[in-house]
Each structure stands twice: as structure tokens, then as C-alpha cells.
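Q: Each chain, letter by letter, is given below.
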Amino acid sequence: MITPPRDARVRAGIWLLGFLIVGAVVGPWIAPGDPVSINDVMGTRLKPPFATGERGAIHVLGTDAFGRDVLGRVWIAARLSLAVGVAGSLLAGALGVLLGALGGWVGGVVDRVLLAIGDAMLAIPRLVLLLVIAALWGPGLPTVVTVLALTGWMGVARLVRADVLGVRIQPYVEAATALGVPSSRLLVRHVLPNALGAAVVAITLGVGNAILLESGLSFLGLGIQPPAPSWGNMIAGGREWLLIAPWIALAPGIALVLTVIACTLIGDGLTRGGPASVDERARS
Amino acid sequence: MRHTLPRLVDALFLLWLVATLTFLLIRLAPGDPASLLVSPTASVAQIAAQRAVFGLDGSLLEQYGRWLGALLRGDLGTSLALSRPVSSVIVEALPLSLLLGGVSLALSVIAGVGVGGWQARRVGATSDTITTVITTALYAAPSFWLALALLVIATSGPAVFGAPAWMRLPAFGVHTPAATLSGWPAIVDVARHAVLPVLVLTLTGAAAIARYARSAIAEAWRAPHVRAAVARGLPSRALRRRYVVRNAIAPIVVLVGLALPGVVAGSVFVEQVFAWPGLGRTMLQAIASRDYPVVLGLTVLYASVVIAANLVADVVAQSLDPRRRPA
Chain A
1 MITPPRDARV RAGIWLLGFL IVGAVVGPWI APGDPVSIND VMGTRLKPPF ATGERGAIHV
61 LGTDAFGRDV LGRVWIAARL SLAVGVAGSL LAGALGVLLG ALGGWVGGVV DRVLLAIGDA
121 MLAIPRLVLL LVIAALWGPG LPTVVTVLAL TGWMGVARLV RADVLGVRIQ PYVEAATALG
181 VPSSRLLVRH VLPNALGAAV VAITLGVGNA ILLESGLSFL GLGIQPPAPS WGNMIAGGRE
241 WLLIAPWIAL APGIALVLTV IACTLIGDGL TRGGPASVDE RARS
Chain B
1 MRHTLPRLVD ALFLLWLVAT LTFLLIRLAP GDPASLLVSP TASVAQIAAQ RAVFGLDGSL
61 LEQYGRWLGA LLRGDLGTSL ALSRPVSSVI VEALPLSLLL GGVSLALSVI AGVGVGGWQA
121 RRVGATSDTI TTVITTALYA APSFWLALAL LVIATSGPAV FGAPAWMRLP AFGVHTPAAT
181 LSGWPAIVDV ARHAVLPVLV LTLTGAAAIA RYARSAIAEA WRAPHVRAAV ARGLPSRALR
241 RRYVVRNAIA PIVVLVGLAL PGVVAGSVFV EQVFAWPGLG RTMLQAIASR DYPVVLGLTV
301 LYASVVIAAN LVADVVAQSL DPRRRPA
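Chains as they are written, first to last, in my numbering: chain A, 1 to 284; chain B, 1 to 327.
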């Protein structure tokens, strides 16, 4: 059933994302020196890009203030950032599918309450919501993923709800009801599979957004905590060396931009006519 | 107006819901602000007294009632960390944020619609593809990183290339420290400080708008009545003004309303990087010092701006495009 995607943007996005994932898996192994631990600080720190390090290894993106290879750290951070982005977006999507299907299927008061809560949460800029929750519940990896899920479900829930409402009046659903299929089975087997198309696209688009938000939180010190490297906290850490060694802060940002471009290309291609629905794009 | 009133009621209900959700979110969080803000040796009685001062005594429902009542009277409470009214904290920071946000939003719309409209006439051409790559990259770039990159260029760039000193833009704050300027030089000083933050916000904002404007305007050009007008030989200026812009403007107005949270989010980072003491920076400081009334007040303020902007955008879009009016 899987055919190669015809849209050039989707193909380009998948290649780019594939490159980043391969880099995240094998990059840390082939980086010169240990990107995590600190060795001879005075001798190895703040080397510019393409400088030769110990034993002739080349630091393609230079070294940081502790003499660690920047490219190696970018790849290690890629593991965390990509994983958090995918996990955050998937969890948000799962919550959105659950609540959207619940509202659309049950209807009535439940639906109206869920809609109102979703609208209220959409009215608060997502970053503000993220900042408040992350700060109050204490920063860290589990908080970041939870918070991304709690603040990202509304768009998916709207899409799923609308599709469930559309599907439930289809003749085949009516036929299944007439045959006596129980309501829960009807929802899971007949309605949901036909109401997930738009949600899958929204979740894909949400990955790039989640990665951006995680990096933002980590940049502000409310996300992934050092020494665990994430692109956001690497940029924050490179800030003090900005004018002496700009590569420390700029390199992780380039990885971040490439990742989000890949996700945007795939999302654009999947929604065909260009930028996706306006809701998804107002990144906040 | 007939269509506006029910929306206004909806918007007020939404605002109440936002305020309530935010209140619950903050009050149900672990940690007790009263015990955080008294001295470590304080007795139980002193903590209780402090709690009463902060309005944190009584049941959650009582606190909520008091807070909502005060909110309706326009009283946002007193900042725990700064010991002054939250409203005065906000009033102090608001003009600075409005300056950044307003200027950059206006520039973003002009640049974004301009670039998008220019691309819409040459969809598929090499120049269009290159522009799309640039706008996509800018759209993907986190504003704090873009801010740092620009900072490197603006501070060390002119020095490396031997540019005159006036081209080196200040990167931190609003005023030159210790400078006693007044009148015109003071305005120029603030404007020079605003260049970099406005540039960052404009680049990201314009990229987002251009991406959308391109497809909206291209779609308007493809509409049958526009193609018929092209076939009839209407001059392209009249075409653009009377046929294309009229059809593309409504979705763009809605987009600008929806882009506002993005401007807010961007300004949090940009204000942080450039040490610009606006609302975003105030919010970050309040969060760091667990200043609950300020966090609550600012969240409600942000949400009301977003709700109001969406409402205005919808109403404007409806007045521009009758097809959007409810039957």
C-alpha cells in the first residue's frame, strides 16, 4: 500500500528529516572526542569550525567553552529534541483524538464543555501557557512532554470532532447501527478510522512546532536542563560566547531550522495547496 | 452590528473561561507562594498573616470569588515581588511592547502581503521557489536564535568591514545607559535600540504572512471571474485592485488576527534577548519570581488581546466579504 510520495516537497522533507535522524543516531559516535564529558579545557576550548583537534580529528563546527565538539553535541541534542518533538506532538494528537471523538460522538453538554475549554485554551498564546505550566510544575524532560501535550490538543480535537460529526451520518454507519453494532465498537471500528485524515496531517505539522517550543522553553531555562544537551539550551549556553565564538550558539540553531523546515515541507505537501490551515500555522 | 452582538457575548464568556482556567492552573500548581515569600524563620502565625495579606486565605472558591470580583472592578491585585499594583506594572511595560509589536506587525503585513502578492504572479518560477525557500527558513527559525544571529551581524559585522560607528546598532535595552538625552536625540536613541528587535519580529512575522498571502492571492488570480476579466483585456492594475485584492483581503485580515499570538510569543523571546523591558520580559520575570498576581494579570491581558483581535478580524473580514456573514 505504501507508495513513494509524489509531492516534491514531501520528498525533500523526508530526505532532510532522514538525514537528521541518521545524524542523531550515528553522529555522536563519529564525533571527535567525547561530546559530553570535559577533558583538557584550556587546550581544546573555543576552537573555530574546521579546527584540528587531538589526534588529527577535525572539529567541523568547532568546540565550545569546555572543549567539547559542537557538531557532536548538536547530534546528541538532536536525539532529545527530535524525541521530545515527536512524543509531544503524538501525545497532544492522542489527547486531541480522544477529546475530539468524545465531543463529536457523545454530543450535548460534554461536547459544548470540551469546545469551550478548547476555545479558551486557544485564546491564551500557547507559549504563555507553556511558560506558566512549565515554571509552576518544575522544569525537566517529563514536564516538557506533558506540557506540550496539554497545550497542543485543541487543533486536533477540532478537526477530529468535525470529521466525526461528518462520518456519523454516513449510510454505512447507519447500516452498522441497524445491524446492532454496539456504540463503542461503531466509534472505534467504523467512525474513527474515517475521521483521522486531517488529524494525522495536523500531528505531523505539530512535530516541527513542538520542537520549536521545546527549544524555546529550554532556551529560557524552563525545558531540558543542562548538562543534557538540547538545541535550545545549547543556544542559551552559547550566548555568553556570542561575540568570541558565535558558532556555539549558531550551530544548534541551524539544526533546529533544518528540522522545522523538513516538518513544514512535509506538512505543506500533505495539505497540498501550500500552507496548511491557518489554525495550525499560528505558532504560539 | 446585528451580527456583532452575539459574538461579543461569546467573546466575554470566553474571557471569563480563560480567567477561570488560568486561576485554577496557577492555584492548583504545587508550592505555596506565601511560604515561599516569607523569611525561612517565619512562624506559622506569620505565614498565615502573610497569606491573608496576599489574599490566599480561605477556601479556593472564596479566593476565586474575591479575585474575580476585583478583576471585574479592574483591580488586578498587588505584585508579590514588587509590592505595587499589577496594573501599574503592566501600564509601565505596555507602551514598550506596543511599540515593538505594533511597528513590527504593521511592517510584517506590508512586507508579507507585498512579497506574497509578488510571488502569486509567478507561481512555479525560479524566483518564486527561491523566495519560498527564504520565507520557509525564516518561518522555521526560532525568533531567539534569529535575534542572536542578527546580534552577531549587527555588532561585529560593521566593525569587521570598517563601517562607520553609527551603523553599529545597540543590542540591549531601550535607552543608552546614563545618557541624558531629550527631545529629538532621545527619540532617535530609542529608535536605534528598537531596530534589531523590530527587525527580528518583522522577519518572522512577514515570512508567516507571505507564505499564506502567496496561496490566498494566487487562488484569487485563478478564480473564474478574474480569468474572464483577464480575457476581456482589463488592465492589470484595475484587475489587481478591483478583482484580486477584494477577494484575497478577507483571509489575510483573519490571518493577521490569528498571527497576533505569534507576535506575543515572539516578543517574549525577543524582549528577553534584547533586554527590552516590555510585557514579555515582565512575564518571564514574574514567572521566575513566582509572582502569581502578575502572571495571572498578564495571562488574562494576553488572552483578551487575542480574543479581541480575533473578534475584530472576523468583523472586519465580514464587512469586507459578504460571503462570510452568517445567514
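To be clear, the hints were calculated from the coordinates, so they are not data collected in a lab.
Backbone N, C-alpha and C define an ideal beta-carbon position, used for all residues, glycine too.
Be careful, since some hints might not be right.
Stated by the list, open to error - Just the calculated beta-carbon pair ranges, DEER-fashion: (1) A:F19 with B:G102: 49 to 55 Å; (2) A:A12 with B:L8: 42 to 48 Å; (3) A:P227 with B:V9: 50 to 56 Å; (4) A:L243 with B:V9: 50 to 56 Å; (5) A:G18 with B:T155: 43 to 49 Å; (6) A:G18 with B:I134: 42 to 48 Å; (7) B:T176 with A:Q225: 32 to 38 Å; (8) A:V110 with B:G65: 43 to 49 Å; (9) A:V113 with B:R122: 44 to 50 Å.
Q: Does each hint hold? Answer for all of them.
A: For each hint, the structure was consulted:
no.	hint	verdict
1	A:F19 with B:G102: 49 to 55 Å	40 Å, violated
2	A:A12 with B:L8: 42 to 48 Å	46 Å, holds
3	A:P227 with B:V9: 50 to 56 Å	52 Å, holds
4	A:L243 with B:V9: 50 to 56 Å	54 Å, holds
5	A:G18 with B:T155: 43 to 49 Å	37 Å, violated
6	A:G18 with B:I134: 42 to 48 Å	23 Å, violated
7	B:T176 with A:Q225: 32 to 38 Å	36 Å, holds
8	A:V110 with B:G65: 43 to 49 Å	27 Å, violated
9	A:V113 with B:R122: 44 to 50 Å	48 Å, holds
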